[in-house]
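From first to last, the protein sequence lines stand for chains A and B.
Per our numbering, the very first residue in the first sequence carries number 1; after that it's consecutive.
Per our numbering, the very first residue in the second sequence carries number 1; after that it's consecutive.
Do not rely on the hints blindly, as some may be mistaken.
[As the list claims (entries may be wrong)] The calculated label-pair distances, taken between Cβ atoms and stated as ranges, are:
| id | chain 1 | residue 1 | chain 2 | residue 2 | range |
| --- | --- | --- | --- | --- | --- |
| 1 | A | Asp185 | B | Arg68 | 39 to 47 Å |
| 2 | A | Glu192 | B | Gly242 | 50 to 58 Å |
| 3 | B | Thr325 | A | Glu236 | 56 to 64 Å |
| 4 | B | Gln28 | A | Ser183 | 40 to 48 Å |
No wet-lab data here; the hints were simulated from the structure.
By construction, the Cβ of each residue, glycine as well, lies at the ideal position given by its N, Cα and C atoms.
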Amino acid sequence: MNPSRRRFLKSTGLGFLALGLPPAFLVRTAEAQQASRGKVMVVVFQRGAMDGLNAVIPFKDRAYYTLRPSIAIPEPASGEDRVIDLDGFYGLHPALAPLKSIYDQGHLAVVHAAGSPDNTRSHFDAQDYMEIGTPGIKSTPDGWLNRYLAEKKNTELPFRAVASTAQLPRMLAGSAPALTLSSIDEFRLRNEAMAATLQKLYSNTSDALFHFGGQNLFAAMAQLRQVESKIPPATERYPTGRFGASLAQIARLIKADVGLEIAFTEIQGWDTHVNQGGAKGQMANRLKDLAEGLATFYRDLGDRAQDVVLITLSEFGRTVRENGNRGTDHGHANVMFALGGPVRGGKVYGRWPGLAPEVLYEGRDLNLTTDFRTVCSEVISRHLGQKDLSKIFPGFRTTAAPPGLIV
Amino acid sequence: MSAKLTEEQKVVHFLSRTSFGVKREDVQKVNRLGIPVYLEEQLHPERISDSLAEEKLAGLKTMRLSSRELIELYPPPRQQAGQQEMMGQQQMQGPRTVILELQQARLLRSVYSRRQLYEIMVDFWTNHFNVFSAKGADRWLTTAYDRDTIRPHALGRFRDLLLATAQSPAMLFYLDNWLSADPNAPAARMGGPNNRRRGLNENYARELMELHTLGVDGGYTQRDVQEVARCLTGWTIRQPRGEGSFYFEPRIHDTGEKIVLGNRIPPGGGMEDGLRIIELLAQHPSTARFVSLKLARRFIVDDPPTSLVNKAAEAFTKSAGDIPTVLRALIDSPEFYSPDTYQAKVKKPLEFVASALRSTGAEVQLSHQLLRYLGRMGEPLFLAQPPTGHPDVAASWTSPDMLLTRMNFATDLIANRIPGSRIKLEALGDKDALARLIAPDSLSTATRSALAETEGSQAIALLMAAPEFQRR
């Protein structure tokens, strides 16, 4: 489905357009030739709020089994449909099995009890907060990934920032150009005879919104035609569906060396209020899609994985207690994954807050011990090399030491 | 635009906001009747005969069937294994056919109905009270939702519409309220999955306040969400995959006292608890403001001025939520005809596609291709998964990818390369006449000079792909 949500309702239109358009845009195709193997950050948004407690299970916390009589995943033991032990305390949901070998190789890390500190339980507000990077402050006009692009303007390549979705996510909205590319192969005008006229119209129009979008579009199409021959076809078989297809495309762009630095995609269907299932069922199917997609992506990258860090985000976690319909309702802290060559994996990061009633957030949810911005900051500073984060996450001062999950 | 609108611009602007696309004959009619008379007619759809649209829909059999008939005639594919030979091609597709016909009907009505403002409002409420038609039993329940829940009230009273959605099997299923039960009720065991005890589910209660009535900043707490959920226990569905009708099940209802938004709901209210919640929310000032904001966003600009929203909210409150009264307040406002409002909205994909078909007088048949284009532009009809529905702001519809799809649609349409749509180019008139239906005397210099260089069908395609046609 299309993630058409209230992402932009609160923003003031595209006010940033008044800042002026980058005149350098059309010369970018020339610069593109110089693009080489750069560092890449990939963000995967799990929309709908994944139940982190059933993705990475704290199986040694007995309260987990008490509070989830029908949906808990059985403790690790021989046989199928059990928790896959990671470190004697936490374990993976069995549907995440494709990720286990990457964890063992030290290139997948887990951060538990992570997320946004704001207490909203609205999907839409929580997604917005996570995308604009200022929990609790709705008026922030742009996304934190875009602020990174604007802050570190080393190159201006059309493929520098790509959302592998139809709609531009709020995380990438802002003054720096970002591209949406749902399909490399269909990214062309079907009537080539009109291309020149349309391009001229859009580059000359006084309509700022469409001028901006049109310039971006035509520059990207031109660039794509130039590098097309370099873009390898997908070699690995990704799981069918939109998520797998989007990761396949991101891997192709990374391998084509077209200057991709920030990539975004999303995976839906996590809002499991009813019959979410345990080792099998509704949520297990989503986890399988997630794990097979990520594992295929990692394998597909081959030696390019050493330049790539992928992180996952979801707007909030879900209630510790299962609800009356063998599902879970909107909660608080969640789980994040970090995947890639530079990831110091094979470890579950974050302090475990516990599941005892007196330590639950507002009496019902997993407490938060790692702000998602701490993890994102570390990827931006250590992997992408942008040390000053004051404009990217304004007002965010973490007292916690960086988790150290990037080499 | 800085100058005041000309009379011609006013008419085109009025029609572009109150219909799915400006047609020459509509301009002529408004010129004849005047905007106020035309608007009153549009606000009374029952007075407008709509035979052409009805004729177009005649082949869509599922539109007339009950939920029970739909599930019997279009069962899920699994259940039909082994009986495929007895089934026609259509039935083999099972519930896919049901959703496809629903989508086709929506597109055909947007193009052909003479009750244009009514169709606009049906679309508006479909998104406001969104149901994801691919979720479980909603594959068979959404047809009745459109026909029996949204359509009868789209230009009625907000309170009636709210109650109808709250009691609709489609919504009860989509947001899980049909399963919500008092965990302590003796009968909470009944009907629960695998005979497990059922309990409270707060999904609908939250969206009811956040999205349907008060708005996320409307002044409710997590505690209110739980209390509203308790009030609504027992509002459920008789046989979601059978009869598919609403009923109140007292045996799973929470009979205790509740406090909602500071109001005490005494114990023992039964079904009345939910009805009181609907009244409370329908009459709440935050609801008047939130619904007015969304209507102002639809009819005026993405970020409407507070003064205008307040004016509409006052009309909402004074008229006890009479939807036409709120629409009059918005459409009669000076803000509606302000130069800042002219061409200020970006069309959603449905608005873009329907307006291209209307403005070119395309002959539209049942078509999968047109629906597929809508999906690629980001608006698959009845298939918005999150409860917010499809958004109504420019930033959601103008990514480079979506822009490209719109350009490709325009050129495919004019080249008659979309099966199911046929344009008679010779009947289209010249490009200048068409431009007068889009932005009379107000095309940008860039569009005018591009148009001057282009002739024939390419000029028409160019107009459809130009920024002006992406707006209304």
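Against the structure, the hints:
Between aspartate 185/A and arginine 68/B the beta carbons are some 44 Å apart, a value that agrees with the proposed interval 39 to 47 Å. At about 54 Å, the CB distance of glutamate 192/A to glycine 242/B agrees with the hint of 50 to 58 Å. Checked against the hint of 56 to 64 Å, the pair threonine 325/B and glutamate 236/A passes, with Cβ atoms roughly 59 Å apart. A C-beta distance of roughly 43 Å is found between glutamine 28/B and serine 183/A, which places it inside the suggested range of 40 to 48 Å.
In the structure shown, no violation is registered for any of the earlier numbered hints.
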